[in-house]
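Below, each chain spelled out in residue letters.
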Amino acid sequence: MSARRGFIRHGAHSWVDYFTFNTDHKVIGVQYLASTFVFFIFAGVLALIIRYELLDPTPTLNPNAYNATFTLHGSVMIFLFVIPVMAGFANYLIPLMIGADDMAFPRLNALSFWLLILGGLTIVSGNFLGQADTGWTAYAPLSLQAPDGQTLWAIGAIIIGTSSTIGAINFLVTIGTMRAPGLTPGRLPLFCWGMIATSIMVILATPVLTTALALLVLERMAGMTFFAVTGGGDPLSWQNLFWFYSHPAVYIMILPAMGLISEILPVFSRKPIFGYRAIAASSMAIALLGFLVWAHHMFTTGMDPAVQAAFMVTSMIIAVPTGVKIFNWIGTMWGGVLDLRTPMLFAIGFIAMFVIGGLSGITLASVPVDTHVHDSYYIVGHLHYVLFGGSVLAVFGAFYFWFPKITGKMYDERLGKLHFWLTIVGFNLTFFPMHWLGLQGMPRRVVAYAPEFQATNQLISLGALFLAIGVLPFIYNLVVSWARGPQASSNPWSALTLEWQTSSPPPIGNFDEPPVVTHGPYDYGEPLMRREAAAD
Amino acid sequence: MSDTNQPQGIHRSAGPGAALFTLFVLAAGILVGRYVNLMPTSASIEAAVIDRLFSIMLGIAFAIFILVEGVLLYTILRFRRRKGHEGEGVPIHGSNRLELAWTFIPALIVFWLSAVSGRAIFSLDAPPEDALRVRVVARQFTWQFEYPEYGVSSHELNVPIDVPVELELISMDVIHSFWVPAFRLKRDALPMRETRMNFTATIVGEYPVVCAELCGAGHAVMRTRVFVQEREVFAAWLAEGGG
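Those protein sequence lines, which keep their order, are chains A and B. Residues in the first sequence are numbered from 1 upward in steps of one, following my numbering. Residues in the second sequence are numbered from 1 upward in steps of one, following my numbering.
For the record, the hints were derived by calculation from the structure and aren't laboratory data. Some hints could be false.
Part of the chain B face toward chain A, derived, beta carbon under 8 angstroms [as the list claims (entries may be wrong)]: (1) 16; (2) 20; (3) 22; (4) 25; (5) 26; (6) 27; (7) 80; (8) 83; (9) 89.
Now the stretches of chain B that chain A is said to cover, found in silico as 3 or more residues with beta-carbon under 8 angstroms [said to hold, decoys possible]: (10) 62-71; (11) 144-150; (12) 155-168; (13) 228-241.
Yeah, the Cβ is synthetic: ideal placement off N, Cα and C, and Gly gets one too.
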């Protein structure tokens, strides 16, 4: 593994190695985390442009430019930040968590990272040809009218989907075949279970999106007809194919986040995770049910009421395994000795905010309620409670939690807490009032709106500013702490999973001696820790 | 994971405090469901049905919100690490009884909500007898309303009060979505494929109509109004040839 052949490198010997086709999973993990974070900032700036436009009810930007802005905001946040940042954590953590020296296919791993960058640049380069302006959902036949950037958008998304599929295969094979002796399925860290469920969904769902995108490209470029009614196509085929991927994609974005939360909570509660099997099983249940709900995005297309009812029931049922996770996390904290450091604050913030997104989700599953609020700001509020209040808070928590492991340095706790509180206040100020706007009748994706909604929109824009300012201490903290923070020990949180049983940062190959696992990943609590102490 | 012998301390306060909190949660849910109205004017029979359903869900959601956030907050306050405390938590791995409870109770709630919502779906879908038919033609970026039985056409929707109306929607280009927030109803207008939407307006007035599906540069301004009129006023409007 350590031999360098041609342009292929393995391991980080100097900073240059992070800019190469490197096959070390830790380098690739950092590459993923850093570049997806750049995409996050980029898409965040686009969000600020959106909030600037909505300060007053009349259009300021050219409407097409506005449409392109939110299209790029959604596409970049989903395809280039939330989905791949999870692949970044998975890359860095899975081999360490299972006691392996690397991923099963290191060169495929590097390929999946560089494909992500290629796909991202392809989407963004649409700017030079007229950016896609049809939303991240690219509904046909509107997406057939869109400028040439729409074609690049589709090709970029195909490349990213390929990257994502390669990564998923790698995760499954790695977890399936490279676990350390003694690491039985029942001792697997819950983040790994989350990534198993996620990877299965990626492998099954992505080909359907790729098909839809390929058909779109062929229709736009080769004169074929799949979606345009004038040539005998059906625009609803696009929606069915698109949502058959894109609803599972919601769980592809949240299941890894739930895994991250399940790692952080027991460590800072000093207690075993509550209901290990229930949490792992609920991930698998969500992965299965996630394939049976896609048409709830299409309730207003005039579908048969019996079909509506069927998709409503499956959508409602998903609340059950999701609730199981929430209750088990609170059960984990109950009776613990809670250490409210930054990663724990973000984990608790995740629970508190995700509950709101889950509850608004139940109202959306109800067809008659959805008939009113579908495609309104209520949806925008709901989806951000799930994706930002859920996935992004988990990502922030994970950045702090594994920062000492990845960099070998400690971050600044006060700046971390400042980041947390600014984020929570800004987040709720931004996204909570959106529910009201939607109920009152403000549609989403509009450059202009009725004057009575102005005050609420200004409040939301103020919240967005808070949210943006909140990211500054995070960036400062990461950069300065990495450069000259205090040295971190190998296991600053006294955690039991394997990644903490090697140096910070871990050596190339991860473990000096191959680890052997003799207990579960979360066996915290007094008797065991006393036993450990006695053994020392 | 099997049940572990749970130390007594964990259940220490499950008594009057918990009972009081449960009462508070129930009361909060009922009060919010009954008295909090987040919706705009309700101007159709369908709006009343949907608002009732939404109120039920809002009440339940608020009760669950208070319950979960309340327990979470209490957990943080009660079990946070005090200064100088270096101990560990209690080694409980789970409880099958609790797992069953928090699987089946939410399942019952969502099945019940599905049943209530399901009844509403079919009642709202029932095609009305003797409805006034209006053809809605959507184009980038205008709405046109045709009254085929009267040879009348207009860019604003006019309907009589208390008369069932059946809209037949069609689009001439991309997908649009016809939304009347005051009626709580929305239906996509698809190219070359007719969709339907029924309503009966209940309050005379003027209400916004907006396009809810992104349809291009003019999407945000693809707005018009619906006028709910007394029957005589509506008849006079028809007789004058609309407009």
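Taking the hints in turn, this is what the structure says about them:
1. 16: Violated: closest Cβ of chain A sits about 19 angstroms from residue 16/B, beyond 8 angstroms.
2. 20: violated (19 angstroms)
3. 22: violated (16 angstroms)
4. 25: violated (14 angstroms)
5. 26: violated (16 angstroms)
6. 27: violated (18 angstroms)
7. 80: Since the shortest Cβ distance to chain A is 5 angstroms, the answer is holds.
8. 83: Violated. Min distance 12 angstroms.
9. 89: Holds. Min distance 3 angstroms.
10. 62-71: With 5 residues in contact (Cβ-Cβ under 8 angstroms with chain A), the coverage given for the segment 62-71 of chain B holds.
11. 144-150: violated (count 0)
12. 155-168: violated (count 0)
13. 228-241: violated (count 0)
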